[in-house]
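Q: Each chain is listed here by its residues.
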Amino acid sequence: MVAKKSLGLAALAAGGAIAAGYRRRKAVRPGPAEWFAVTVDCDPGELSGENRPDALGRLAEHHEVRITPAPGGRGTEIAVHAADGKAREQVRALKQFLETGEVLRVEGQPEGHRTVLGRAAIPVSRQLMRRGVR
Amino acid sequence: MKALCWTGVNEVAVEEVPDPRILNRQDVIVRVTASSTCGSDLHLLDGYVPTMMAGDVIGHEFLGEVVETGPDVRDRRVGERVVVCSIIGCGRCRNCRAEMWSLCDNSNPDPGFLETLNGHATAGIFGYSHAMGGFAGSHAEYVRVPYGDVNAFPVPEGVPDASAVFASDAVPTGWMGADIAGIRPGDVVAVWGCGGVGQMAARAAFLLGAERVIAIDRFPERLEMTSRHTGAETLDYEKVDVLDALKEMTGGRGPDVCIEAVGMEGHGTGAQYAYDRVKQAVRLQTDRGLPLRQAIHACRKGGTVSVLGVYLGFVDKFPMGAVMNKGLTLRSGQQHGQRYIPMLLERMARGEVDASHLLTHPMALDDAPRGYEMFKNKEDGCVRAVFTP
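Heads up: the sequence lines are chains F and G, in that order.
Heads up: the first sequence begins at 1 in UniProt numbering, then just goes up one per residue.
Heads up: the second sequence begins at 1 in UniProt numbering, then just goes up one per residue.
The following block holds chain F by itself, in its conformation from the complex (with noise of 0.2 Å):
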């Protein structure tokens, strides 16, 4: 019983450093970047006029777009303003379809047996890591 309370002890002490450290953190951590930006391999003017490739266009309705040329011939980057999770992957998905001319799937694989748990996490991981976390 003894060896009991003191472990719900300990696990309160830790869940207490932790909630601590978090507060702490929120408080110094500066916020996240306002703009989320790739650079794509491929001259600015493939990105403007009628050139501009649709998936700009739909994410130019939402967001604030901002397209430069890299320094040093890198291709260009674009950044978006206020990219939410759906927005990177947007953004993602752009350039790549932009330097390879498609967007990489990987659903639909050959997969073993999945646990319960296994089946409902994999959407949820893969979104997460398709989007990044900001």
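I should point out that these hints are in silico values taken from the structure, not numbers from a laboratory.
Any given hint could be a false lead.
Just a few of them, taken from the derived set where beta-carbon distance is under 10 Å, the chain G residues facing chain F [unchecked claim]:
hint : residue
1    : Pro20
2    : Val57
3    : Ile88
4    : Arg97
5    : Asp110
What you are looking at is a predicted structure, and each value in this text was computed from that prediction instead of being measured.
Backbone N, C-alpha and C define an ideal beta-carbon position, used for all residues, glycine too.
Here the structure of chain F is known, so what remains is to put chain G in place on it, guided by the hints.
A: Same frame as chain F, now just chain G:
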């Protein structure tokens, strides 16, 4: 089809899974004829690579025959015997075009985990966790290969499967370790680890001009094999103090180039090794790095340390002081296989490079669980178990 799935820590099983299909227009489907175990798989088995899920098909070092091509595939043809690079490149992004294929921007569609861990993500890798793209692996009857034109390489006639299969990973990885270290004629090169990659690094070091190569391991049969097939001198770290021995063998200078071909589950001796094991087991460090520390310590002033062993996150007690005060150059990377594979296949065809001796245990895919057990425990002198579906 049959495939080998990861089912949990230290558990793999052959299961019946759906056949792969063309998912992207540049895909090819390869019928696998040989698929090798690799030391880096042991990190998956041992549970040190997160984002593995029960049911994931593993395996990444393989050879086979093209049986189907997507509509946008231009160069690959049905019927070709091909070796496929274990690391996937798109061939179009800036990094691929600069021949740094494992830094491909586009082949890992789910980069978030690695971006959080490391700042940026690595390329996709077959059968190597969802963090590396979640691609189904090659221990299977068939495998889907994205961007087939740039990742699958026709194997010249006359190069046997037993050697060609290692042109997928072990041979180009070893070659890259020697290449990026900038070996110059007359150099003394030390190689930590006498597995497939270490042996190929030793061979590459000689071909790139090293005068002496010293290979380090603890398994007598691997040391003997390395000595016989590469011409390297060997050190058994359980019998000699490696740092003392290397100084003695190099006139006090230390090796010009130190190649680490061990990775995040390196073994060693003494208190430092015990400390690393405990910290890794309780997840206070993700990677244990005794051979890496030793390579840095041993390297001559102004020398180069080339790290091929797989690390995932953090190594504790990293000797930055030695790197800084000895003016060392640190080189590393997952293999840029596509840069080297055509040249290595040519060398195989000319007889300059042969990796077939690494294949100590050919096995049926059905016996893959046993194969991994033998490979992991180095039973029966196992250097590589290679599965044929």
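Q: Against chain F, with CB atoms and a cut of 10 Å, does the hint on G:Ile88 hold up?
A: holds, 9 Å
Q: Mind checking the CB of G:Arg97 against every CB in chain F and telling me if the closest is under 10 Å?
A: holds, 7 Å
Q: Tell me if G:Pro20 is really an interface residue toward chain F, meaning its C-beta lies closer than 10 Å to one of theirs.
A: holds, 5 Å
Q: Please verify that hint: G:Asp110, Cβ, nearest Cβ of chain F, below 10 Å or not.
A: Hint on G:Asp110: holds, closest Cβ of chain F at ~4 Å, below 10 Å.
Q: Could you check if G:Val57 really has its C-beta closer than 10 Å to a C-beta on chain F?
A: holds, 6 Å
Consistency with the previously given hints is maintained throughout, with no hint failing.
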